[in-house]
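Protein chains: 2
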Amino acid sequence: MSLKLNLKYAGDSAGKEALASMKDEVSAAFGKLKNGTGAGSDYLGWLDLPVNYDKSEFARIKSCAEKIKSDSQALVVLGIGGSYLGARAVIEFVKSNNYNLISKDTPDIYFGGNTLSSYSLAELIKLVEGKDFSINVISKSGTTTETAVAFRVLKKIIEDKYGKEEAAKRIYVTTDKSRGALKALADKENYQTFVVPDDVGGRYSVLTAVGLLPIAVAGIDIDALMSGAAYAREKYASDDSPENDACKYAAVRNLFYRSGRKIELMVSYEPSMLMWNEWLKQLYGESEGKDGKGLFPSSVIFSTDLHSMGQYIQQGERLMFETVIWVNSPIEDVDVPFDSDNGDGLNFLAGKTMHYVNSKAFQGTILAHTDGDVPNIVIELDRQDEYNLGQLIYFFEIVCALSGYILGINPFDQPGVESYKKNMFALLGKPGYEQEKEILEKRFI
Amino acid sequence: MSLKLNLKYAGDSAGKEALASMKDEVSAAFGKLKNGTGAGSDYLGWLDLPVNYDKSEFARIKSCAEKIKSDSQALVVLGIGGSYLGARAVIEFVKSNNYNLISKDTPDIYFGGNTLSSYSLAELIKLVEGKDFSINVISKSGTTTETAVAFRVLKKIIEDKYGKEEAAKRIYVTTDKSRGALKALADKENYQTFVVPDDVGGRYSVLTAVGLLPIAVAGIDIDALMSGAAYAREKYASDDSPENDACKYAAVRNLFYRSGRKIELMVSYEPSMLMWNEWLKQLYGESEGKDGKGLFPSSVIFSTDLHSMGQYIQQGERLMFETVIWVNSPIEDVDVPFDSDNGDGLNFLAGKTMHYVNSKAFQGTILAHTDGDVPNIVIELDRQDEYNLGQLIYFFEIVCALSGYILGINPFDQPGVESYKKNMFALLGKPGYEQEKEILEKRFI
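Residue numbers (my numbering), protein chains in the order written: chain A, 1 to 445; chain B, 1001 to 1445.
Next up, chain A with everything else stripped away, as it sits in the complex:
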């Protein structure tokens, strides 16, 4: 029923003694989180979110999702970073990484506004052509360049298609509760609005309207998702005992980091978890990568990538450890057929299921990699459903916060993200950046 942390293949760094040595640090981190005394404590809204959320907005998310399902063949979700990764990760995890290709009774979902690629935007325009569609634009400020430019373009298209009045009923805005460009526009145009809470950062926002509206449109049970998270909150946010798996995993990550293993490789055996890995990379990388510190997050899908990155992991620089998420029951299984010729020599597998074969690849890889001096942390899930995923999301969020405090950084800010934006605005000639523009342009001569 609940996820299981297995440190048996994590080596001595994760042994009893090593964990005992971290007891005080973990306890201090846990205290900071629970008492709101750590850095960034204005952003702890996610901690109680699974039980303490706006129930009437939650109901409105469901009814809007129903409306979108009934009147739209496609939903365009415009948002970048935490404003799209959570929703996309959940939809692919629960439904499919081929969600838009498979036959289904829910709308296609196109994620846009997360790039400045002109070709991607041109393609998005073509993808909605001739389809009934709605838009969910997601931005706290409403001025994020990638999202705002795409929204300008798509807003014109949807208004040209349906007229301003009907279009207004097809535009759903997720933004600040009272301020900002999108909120002002939504009030003026009478769009449905949903709230990006002040105390929940983008990368922790998947269980707010930011994630939940697109997720619900995909036909995913958001009640079960929240229940899973609530269960994990009970389990991992209540005490700092050594039996708390979140505390254990946070400690082990830091122990590996201190011992010079600076890359954490997130591993899964399901292609539908590729975007889940991307969500995790933002959560960990953006939370921990500061002050010259932090584990570098990377990810692979096995056994696929055992045939590309496998060689490096087995025998390259010893820089990493792996965190493997293994799902015990697959969404669907297939039997390996018997072949009377047996040219490929695989009849010893005939009658077994693919998932059984996959499970042996998983076990065989753990042994191969640990033999190759890459410690493995294993997290086991029952199945790839909403309830399990809710747990998993909350588990990783709390591990991330605890790890960050142990590391000695603020796990809730992201000051470095502004650097490229400032330069970009200056180079683009944004009013107010004239002086910077001149200085920066000289560096390209």
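Because the hints were derived from the structure by calculation, they are not lab data.
Straight-line C-alpha distance at most 30 Å; calculated BS3-like pairs for lysine-lysine:
hint : chain 1 : residue 1 : chain 2 : residue 2
1    : B       : K1442     : A       : K8
2    : B       : K1004     : A       : K437
3    : A       : K352      : B       : K1421
Remember, predicted model here, so these are calculated numbers, not experimental data.
Put chain B on the given structure of chain A with help from the hints.
Quick look at chain B alone, frame taken from chain A:
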């Protein structure tokens, strides 16, 4: 017309003096490659491939591609590692990362046989349901588990659908020229066969039938692809002069590695280059990651991932350098519209093109990251077409080989890939592995 290497933002490690210090090592590596005196010299077929390939097979690839385009709504490509990454990278680079979603006059292309995920295989079965389709199965030995199991399943489906005789005309086999399970089956069943050359390893095989058949089915000009590669061969494989950009980049990668920058982050600004990055990660990671050495290859798509991995790159551990591939002319462009309200404050961009905005994100990011002590190597391409991509493929292949020799490893083998397979076979009870099975299973108690 040709790609351009720019080391201006790569810092002192890539300065004239540093490059001069590498002269002898580069020259020695170049000599090994050209004279076939280095490790793995049995696998240098890719070096002359752009001019020295089987012209009659090339013509047959084109005619089979035409047949598939005329009688199939979908092509299923079964292969793992180098047997799918090259084709998928090229198709997405030239056409789109949404190739299967966009409207087009060429078949959908589904890549399967590259995972043991039962759900993925179940989905693949559904994706071809009700569609006219063909299969291209790609495996040198014909016994690669992931590919062979999927082929067993799909072969039954296509034979049930069309009957054995018609199915045989829809199965295309790319395998060893004379040996192995697939070759034997193809001869028996009278399938069209194409050759995986003996002297070209999987990760260097994109310009053989392995890559070219699926690429041609996608409507991509394989003549232009080969011409681009041939141009790059002229340019980068002819002499070891200090003006050879392949030599320069190979030297700089090794200089960074020696100075403790152990992660090479491959960067692109086009979502359609995501699978190109995956191809590169196999090429570099599998070639260099051995003997406890090698740069760890990772990748991002900007500006998308500036909102997830951007914080880490800007301010996290200083472990990395970036190699940015920038495309000067986009496949398609879009103007930023004027908005009379200007609530988002972006009217300073109105009338400019998205690609212009993207180019300033690119420039602004280079300055931000180099200011944050992450050196940037920049490779500029004219456009995202076959000719430029042919150049790019050959350029990275030769850089990889040179880098590997400078690093002191064999860039053409992959001994570590067997480790997980051996364990997996034993755990699965493959005949002949009885003793290993017993030993391995004890490690799971």
